[in-house]
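All chains should be built: construct the whole structure from the sequences, respecting the hints.
Heads up, the sequence shown is in full-length UniProt numbering, so the first residue is 1 and it goes up one at a time.
Calculated from the structure, these hints are not laboratory results.
Quick caveat: nothing in here was measured; it's all calculated off a predicted structure.
Just so you know, not all the hints are guaranteed correct.
Straight line, CA to CA, 27 Å or less: simulated DSSO-like cross-link-like pairs of lysine-lysine [to be verified]:
1. K487 x K520
2. K520 x K471
3. K533 x K471
4. K84 x K133
5. K456 x K487
6. K84 x K456
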Amino acid sequence: MHDGIAEDGASQEQLEAEGGMSQFEATGLFRKHDLIDLTARTPLPNRHLLEELAMVHINPLESDFGQDVTGPRFPVPSGLSSDKVIQSVLNEITTTFDEIVATGNSSHGPIASNTTSFSIGVFSSTDGLDTSKPFFYEYHYTTPLQAEKSGNKTNVGAQSVYRIGSLTQVFTVWLFLAEAGEAAWTEPVTRYIPELAQAVTSGTKQASTTRVPWEDVTLGDLAAHLAGIPRDFVVNPTAPEQLYFSEFFTDLLTRPAVYLPGTTPIFSNTAFQLLAYAMEAIRGTPFTEMFHNLTAHLNMSSSSLATPADTTGAVIPSDVESSGWSTDYGDESPAVGMYSSIHDLSLAGIAILNSTLLPSAVTRRWLKPVSHTSNLRNAVGRPWIIYSPTPDQSPTKPRFEVFTNYAFVGQYSSYLILVPEYNVGFTVLAADSTTAADLNAHADFLGEIMLPALEKAAITQAGKNYAGAYKSSSTNSSQVAELVIDKPDGMPGLSLSNITRGSEDLRAMLAKSVGIEPTKLNARLYPTNLMTKLSDGRTQVAFRAVFQDESALEDGGTPTCISWEGVDVLLSPNGMPLDLLVLTLNDSGAAESVTLPGWGLELFRET
Numbered sequence: 001m002h003d004g005i006a007e008d009g010a011s012q013e014q015l016e017a018e019g020g021m022s023q024f025e026a027t028g029l030f031r032k033h034d035l036i037d038l039t040a041r042t043p044l045p046n047r048h049l050l051e052e053l054a055m056v057h058i059n060p061l062e063s064d065f066g067q068d069v070t071g072p073r074f075p076v077p078s079g080l081s082s083d084k085v086i087q088s089v090l091n092e093i094t095t096t097f098d099e100i101v102a103t104g105n106s107s108h109g110p111i112a113s114n115t116t117s118f119s120i121g122v123f124s125s126t127d128g129l130d131t132s133k134p135f136f137y138e139y140h141y142t143t144p145l146q147a148e149k150s151g152n153k154t155n156v157g158a159q160s161v162y163r164i165g166s167l168t169q170v171f172t173v174w175l176f177l178a179e180a181g182e183a184a185w186t187e188p189v190t191r192y193i194p195e196l197a198q199a200v201t202s203g204t205k206q207a208s209t210t211r212v213p214w215e216d217v218t219l220g221d222l223a224a225h226l227a228g229i230p231r232d233f234v235v236n237p238t239a240p241e242q243l244y245f246s247e248f249f250t251d252l253l254t255r256p257a258v259y260l261p262g263t264t265p266i267f268s269n270t271a272f273q274l275l276a277y278a279m280e281a282i283r284g285t286p287f288t289e290m291f292h293n294l295t296a297h298l299n300m301s302s303s304s305l306a307t308p309a310d311t312t313g314a315v316i317p318s319d320v321e322s323s324g325w326s327t328d329y330g331d332e333s334p335a336v337g338m339y340s341s342i343h344d345l346s347l348a349g350i351a352i353l354n355s356t357l358l359p360s361a362v363t364r365r366w367l368k369p370v371s372h373t374s375n376l377r378n379a380v381g382r383p384w385i386i387y388s389p390t391p392d393q394s395p396t397k398p399r400f401e402v403f404t405n406y407a408f409v410g411q412y413s414s415y416l417i418l419v420p421e422y423n424v425g426f427t428v429l430a431a432d433s434t435t436a437a438d439l440n441a442h443a444d445f446l447g448e449i450m451l452p453a454l455e456k457a458a459i460t461q462a463g464k465n466y467a468g469a470y471k472s473s474s475t476n477s478s479q480v481a482e483l484v485i486d487k488p489d490g491m492p493g494l495s496l497s498n499i500t501r502g503s504e505d506l507r508a509m510l511a512k513s514v515g516i517e518p519t520k521l522n523a524r525l526y527p528t529n530l531m532t533k534l535s536d537g538r539t540q541v542a543f544r545a546v547f548q549d550e551s552a553l554e555d556g557g558t559p560t561c562i563s564w565e566g567v568d569v570l571l572s573p574n575g576m577p578l579d580l581l582v583l584t585l586n587d588s589g590a591a592e593s594v595t596l597p598g599w600g601l602e603l604f605r606e607t
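Next comes the structure, spelled out in structure tokens:
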């Protein structure tokens, strides 16, 4: 396999933390601090720092109390397979699903338990990888009819193979990032598909008003459903290859555009067929070969694009034709053709979250919205369907970005869900003997139960590992610094409730410098994902403090979040940020000390 795919399965976070930069890293443009800039001043002795801060007044962060910085509010929880909070919830999930399949009813609507067999897996990328069982929870249900139709009359299980339809698109984009790189997203599709380039130069039969401007369609548009092109082809996919290829473009080039490229997300399977053609042109390798290399690299032995020759382990709810099991999608397979199991999808989800095939910076950019839908809680990525649930608009309730993809093909339904803030994912696969099952009830129930439990686990572990009193080791009592990180209090992030040095209240001075009454300052600590592994086995992690005014008025009808604008504003005379805290953790993940580079302080945890 070429250099785009790592030779081992380890995450590249550590390499990057030690100073490495991947070939995919984008070059950033940085602007100077426009609220305060102390970097040009001659460094002052530490004792004068507070006097200088007292003379500085930053525009207060109005109407922003309770608005956290988007992203993780607490460090990612670990050891979920043995966490008491999670285990209790998993038992509840099993009991509830047993009741649901017995009655056919759930709090999120009915399920067809008399006709639908399904498999569920819940996995984590932080607990170590057991390739034989890459999930910490599984649930399976087999209808009596399915058990009878199965060749061995066995129940569905982790290795049972289902068709997964347009979940295939996640793998096509993932493969593109590994093989071609994200820099190609801005390239026009006409650069790699000559049939489209020729259509631009020679003209087509399309009316000018509805002609697809192929010269404006980028590869990134294809991956993000932003190309504005037809949804599906109307050619027989089982036609001879050369005839199919010719007829595909003949049909495509006479079809009208749906929208101008880049206007709004419009679902398209055709886009992923074109993306695969472009990938083949870039790499000079058939897509099927690249796909096989990916699945082999990840030990996804149950996954394929072609119909498996052996139906052992196959979930076929009726017969191979009417169920859609044997349907050959030909060159449209990069959009809808894949077969897989919850075992293999769990392996894939873990590899995505761990950046096994990609530089971690590329993964982080991949797991971001590209455009939005008419629902403010839904966005679209490449090719993610992104949901941002929260119980209400209260700022104290967490807002999650949940990256999903779901599909219906023949009598099969599928769901893949990733929650990067917890490095956790879910997969649900189903087959129904009459029609593709609606899996929203399954997915909604899992999210309703698991997401709050994951937040609770993160909060509990953060309190245990970080909260407490920290004190410097200075022998001069007037220079002894103390800091207190409180246990989570129902608000996002850990609370920084006290920073003093001798008789000086550093926290109060920080409050005044940002225009907040000291008694109304709420300082919250957020993990930044910046970390490094020390040679002695310990780990250093960086947090940033966000300063908020508890007395700020609420927005009136135009809710905004400007907390992200207030980070890295306050600098020491030597240019170091005053809102930066670097904690050193022991090999169990518990904090031992904290360093404040902007203050020149190191404090050690006492309680």
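Structure-based check of all given hints:
no.: 1; hint: K487 x K520; result: holds (19 Å)
no.: 2; hint: K520 x K471; result: holds (24 Å)
no.: 3; hint: K533 x K471; result: holds (24 Å)
no.: 4; hint: K84 x K133; result: holds (20 Å)
no.: 5; hint: K456 x K487; result: holds (13 Å)
no.: 6; hint: K84 x K456; result: holds (11 Å)
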